Amino acid sequence: MTAELGHFALILALMVAAVQFVVPMWGAQRNDATLIALAPPAALAQCVLVALSFACLTTAYVESDFSLLNVVQNSHSAKPLIYKISGVWGNHEGSLLLWTLILAVFGAAVATFGGNLPKALRARVLSVQAFIGIGFLLFMLLTSNPFERIVPAPADGQGLNPLLQDPGLAFHPPMLYLGYVGFSMAFSFAIAALIEGRVDPAWARWVRPWTLAAWCFLTAGIALGSWWAYYELGWGGWWFWDPVENASFMPWLAGTALLHSAIVVEKRDALKAWTILLAILTFSLSLLGTFIVRSGVLNSVHSFASDPARGIFILAFLVIVVGGSLALFAIRAPALKAGGLFQPISREGGLVLNNLLLATSCGAVLLGTLYPLFLDALTGDKVSVGPPYFNAVFIPLMTPLLIAVGIGPLLAWKRGDLQAVAQRMRVAFGISVAGALLGWWLNDFGPLLPVLGLAIGLWVAVGVIVELAERIGLFRVSARDTLFRAIHLPRAAWGMTLAHLGVAIVILGITVSATWQVEKQQVMKPGESIDVGPYRYTFVGAGPARGPNYTALRGEFRVTRGGEPVTTLFPATRRFTQPAQETTEAAIRTSLYADLYAVIGQPEANGGFATRLYFKPLVTWIWFGALVMVLGGLMSLSDRRHRVGAPKKSAVPRPKAGEVKAA
Amino acid sequence: MKLKTFFPLAVFALIALALGIGLYLNPRIIPSALIGKPAPTFALPAVKGRTAGFSTADLKGGEPVLVNVFASWCVPCRVEHPLLMDLAKKGVTIFGLNQRDAQGGEWLDEFGDPYKRTGDDRNGRTSIDWGVYGVPETFIITGDGHIACKHIGPVMPNDIRDKLLPALADLKAKGTTDKCSAS
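Protein chains in written order, with the numbering used here: chain P, 697 to 1359; chain Z, 14 to 196.
A few of these clues could be false.
To be verified - Derived lysine-lysine pairs resembling DSS-like cross-links, with alpha carbons at most 27 Å apart:
#1 Z/LYS17 <-> Z/LYS73
#2 Z/LYS17 <-> P/LYS963
#3 Z/LYS73 <-> Z/LYS187
#4 Z/LYS73 <-> Z/LYS50
#5 Z/LYS187 <-> P/LYS1216
#6 Z/LYS185 <-> Z/LYS61
#7 Z/LYS129 <-> Z/LYS50
#8 P/LYS1033 <-> Z/LYS73
#9 Z/LYS103 <-> Z/LYS73
#10 Z/LYS102 <-> Z/LYS129
#11 Z/LYS187 <-> Z/LYS50
#12 Z/LYS17 <-> Z/LYS185
#13 Z/LYS17 <-> P/LYS1110
#14 P/LYS1216 <-> Z/LYS61
#15 Z/LYS129 <-> Z/LYS61
#16 P/LYS1033 <-> P/LYS1110
#17 Z/LYS129 <-> Z/LYS73
#18 Z/LYS61 <-> P/LYS1221
Said to hold, decoys possible - Computed beta-carbon distance windows for the label pairs:
#19 Z/GLY66 <-> P/PRO1143: 23 to 33 Å
#20 P/GLN1298 <-> Z/PRO51: 38 to 48 Å
#21 P/GLY1223 <-> Z/LYS73: 41 to 51 Å
#22 P/PRO1143 <-> Z/LYS73: 53 to 63 Å
#23 Z/LEU30 <-> P/ILE781: 38 to 48 Å
#24 Z/LEU30 <-> P/ALA1165: 46 to 56 Å
#25 P/PHE1141 <-> Z/THR189: 51 to 61 Å
#26 Z/ARG174 <-> P/ALA1301: 50 to 60 Å
#27 Z/PRO170 <-> P/GLY1237: 36 to 46 Å
#28 P/ILE1008 <-> Z/PRO170: 19 to 29 Å
#29 P/ALA1301 <-> Z/GLY104: 19 to 29 Å
#30 Z/LEU30 <-> P/ALA1301: 46 to 56 Å
To be verified - Covered stretches of chain Z (chain P as the covering partner; in silico rule of three or more C-beta atoms under 8 Å from a C-beta of chain P):
#31 84-90
#32 125-139
FYI, nobody ran anything at the bench for these hints, they're computed from the structure.
Every value quoted in this text rests on a predicted model; they were computed, and no experiment measured them.
Glycine included, every Cβ here is placed at the ideal spot set by N, Cα and C.
Use the sequences and the hints to build the structure in full.
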């Protein structure tokens, strides 16, 4: 019964979405206040219906209702409750339902909190949102119904991939989807603006918070995914340039560019067409990401859905949404009036450079991700483009970008003075060169890449601090005034400082952990010791262990440093029976200084065990930096300007043409 | 109307076309310029954790063998890997060329090592000499060290059945084969 209710709610939601797509758009074109006013209640109704449907599916999972095919395939009665719940979105159909739910919630948020938007704009935005919703609802109802029954119902489920039974991964998809779908707001605003033929600072001010929020979620989602890969896959790696990872990284790069170009629209009324294009591209890449993961077009370890019928549907949807919006852009963009002029050396110039480099790296990732597919389409060859390509193109693009991160915020709007900036950045330059040389020396004058990484990480970090010190008048005015200025600094400024600092932390984490990591792999017998970096690992022994739904081989390592005990590590290999699969549970002791990482493998004939032991300095900084970036984003999001929103948004009065008569 | 605003649309059309074709694709066979020529000259150290390195001389043992180009970062390699393990168990000699990869040793430790000998081609030079332009690729080598066939992409069960095993049997029996274009 619950399942039928959920299914029925989905069908109703589709109908409501159809109304929400057609009526408000029509009303906005005809300036009909009654039709326009239908948008918010329709968005709310759609949200309630999709939420009901999602609740029904969750109930079926929690109750282990094995008369549902989806529950049978992805759950098991012996699974802990949290993974029963995360199982709802740990599969193709359920994850689509989550996608749609988030989309509907965002639509409802615009309906509820968008009171300060011009009513026609809000109606158009909600209409575009509804169109995306129609696509996903239809997709589910036609090809991927989560509420399909199975007769007769089996006694128990087929379990969930044990690799996915993990807190990090349980919350990874919702985060990613909040990001992906969040960019749909920027997209809807962009389409609405193209239809209205108007983009102004007020528009940018409405788009920015949505983009910022989506960016925060996506950053957190990517970081969670990479952290999961790090501790769960047991390889000690944290980024593999896997197509699925790239699928989330491309919208992130485009979204980061959008975040910055929207600033230029807001503050200087320039870069309008480009910003619109970025908004379209960012969401298109989110859709493409969903397509790549869901259709199985590109083979990947992660992809858990592979079905051509679904692929064709998504492709058709992609062509309509992306092709349609780009066609609209092609026709309407020339009509957008160019705004403020600026010199190449200026804050705007810096942001343009940021955009160019981010867009290029995004294009490079796209090329690398799709190249195997293109080659296959043209010649029939199957290849894998791996880290060699991505590292080769990514580092040269990121280097100038990160140098610019240090300089950009110090430049003035319209016309900057590079010489004055150079003056102020002397300290940063000195520190980064000194730090890099120190690192080079510590690394026995080895490869130059880590030297570059160190220099750039320090450059960004010190640059951020110099900029902050400048703003709060550190050492120039009294300590009291400095504190006063620091408190009254706009939160958006603090947000930028934090986010850029986060980038520096990530760079330093990547560089140091890659350069000074020590890795030992060998067969060890109980009682043997081995030195890994400054630590000594002693293998105590290994034996069987049991968990709620698996059996395991568990090893014990005592770790000491200079004779002092540090910690005891218990790495394990888990063997699941539902489905039959083995996972490696690396034992990791995390600290800000270094991670100690141990993996145990199968017993060897001579009574020893295959072991892999690592010393990974500063590796945690990678995720800590991402966290700092997210905090920066949230800080900026909490800026008063965004909360207060519209009324004071623009000095230029909005033209009345698109306004509603009797709103 | 400016033409340049149509540029994104045009790029997208190309991508959509490729994605569309991608949904219907089947791998095909591409001949290599090196077919029938002696294998290039090289000598590589073994992949980490192994002792037997790999050089041209190993290919002239009198028996037909396989040379498989792999990397831990290569996803299709992981797909074909269990099949290579089966082949090795059946007594087929496979040599592994580990292209531009620092983690090849761990990879083999984790999933098993089907290779009689491995070559650590860290900078990819040997792979270039072999005309490898993607990973994975698999070569069939005659008993006297000539390249008989080249298989691009992962080896699938039907490739083994229709191509690799018949070609190896042919080479063993009469020194030549016409099975390279099968499947």
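Verification of the supplied hints:
For the given pair, Z/LYS17 sits about 58 Å from Z/LYS73 by alpha-carbon distance, which is inconsistent with the 27 Å threshold. Between the alpha carbons of Z/LYS17 and P/LYS963 the distance comes to roughly 26 Å, so the proposed pair stays at or under 27 Å and holds. Distance restraint check for Z/LYS73 and Z/LYS187: the Cα-Cα separation of roughly 16 Å lies within the 27 Å cut-off, and the hinted pair is therefore satisfied. For the given pair, Z/LYS73 sits about 13 Å from Z/LYS50 by alpha-carbon distance, which is consistent with the 27 Å threshold.
Of the supplied pair hints, the one linking Z/LYS187 and P/LYS1216 is violated, its CA atoms being roughly 47 Å apart against a limit of 27 Å. Restraint check for Z/LYS185 and Z/LYS61: not satisfied, since their Cα atoms lie roughly 32 Å apart, outside the 27 Å limit. With a C-alpha separation of about 23 Å, the suggested pairing of Z/LYS129 with Z/LYS50 holds against the 27 Å cut-off. Restraint check for P/LYS1033 and Z/LYS73: not satisfied, since their Cα atoms lie roughly 72 Å apart, outside the 27 Å limit.
Proximity of Z/LYS103 to Z/LYS73 is assessed by CA-CA distance (about 21 Å); at most 27 Å being required, the pair is judged to hold. The hinted pair formed by Z/LYS102 and Z/LYS129 meets the criterion: a straight-line CA distance of about 11 Å does not exceed 27 Å. Between Z/LYS187 and Z/LYS50 the CA atoms are separated by roughly 17 Å; this keeps the pair inside 27 Å, and the hint holds. A threshold of 27 Å between alpha carbons decides the hint, and for Z/LYS17 with Z/LYS185 the separation of about 61 Å lies outside it, so the pair is violated.
In summary, the hint linking Z/LYS17 to P/LYS1110 is supported, as the alpha carbons are separated by about 26 Å, within the 27 Å threshold. Restraint check for P/LYS1216 and Z/LYS61: satisfied, since their Cα atoms lie roughly 11 Å apart, inside the 27 Å limit. This hinted pair checks out: Z/LYS129 and Z/LYS61 have alpha carbons roughly 14 Å apart, not beyond 27 Å. Under the criterion of a C-alpha separation no larger than 27 Å, the hint pairing P/LYS1033 with P/LYS1110 is consistent with the structure, at around 18 Å.
The straight-line distance between the Cα atoms of Z/LYS129 and Z/LYS73 is roughly 14 Å, inside the 27 Å bound, and the hint therefore holds. Of the pairs offered as hints, the one joining Z/LYS61 and P/LYS1221 holds, with about 21 Å between alpha carbons and a cut-off of 27 Å not exceeded. Between Z/GLY66 and P/PRO1143 the beta carbon distance is about 24 Å. The supplied range of 23 to 33 Å therefore holds. At about 40 Å, the beta-carbon gap between P/GLN1298 and Z/PRO51 stays in the expected band of 38 to 48 Å.
At roughly 46 Å, the beta carbons of P/GLY1223 and Z/LYS73 sit within the given window of 41 to 51 Å. Range check, P/PRO1143 to Z/LYS73: about 37 Å between beta-carbon atoms, so the 53 to 63 Å window is missed. With their beta carbons about 41 Å apart, Z/LEU30 and P/ILE781 fall inside the hinted range of 38 to 48 Å. Roughly 53 Å separates the CB atoms of Z/LEU30 and P/ALA1165, a value that falls within the hinted 46 to 56 Å.
Judged by the Cβ atoms, the range 51 to 61 Å given for P/PHE1141 and Z/THR189 holds: they are separated by roughly 54 Å. Separation of Z/ARG174 from P/ALA1301 is about 34 Å and departs from the stated range, judged on CB atoms against 50 to 60 Å. Evaluation of the 36 to 46 Å hint for Z/PRO170 and P/GLY1237 yields a pass: the beta carbon distance comes to about 41 Å. In this structure the supplied range 19 to 29 Å holds for P/ILE1008 paired with Z/PRO170, their Cβ-Cβ distance being about 26 Å.
The hinted window of 19 to 29 Å between P/ALA1301 and Z/GLY104 holds, with their beta carbons roughly 22 Å apart. The supplied range of 46 to 56 Å is met by Z/LEU30 and P/ALA1301, whose beta-carbon atoms lie about 55 Å from each other. Given a C-beta distance limit of less than 8 Å, the hint that chain P covers the segment 84-90 of chain Z holds, as 6 residues qualify and 3 suffice. Note: the segment 125-139 of chain Z has 1 residues with beta-carbon separation from chain P under 8 Å; the three-residue rule is not met and the coverage is violated.
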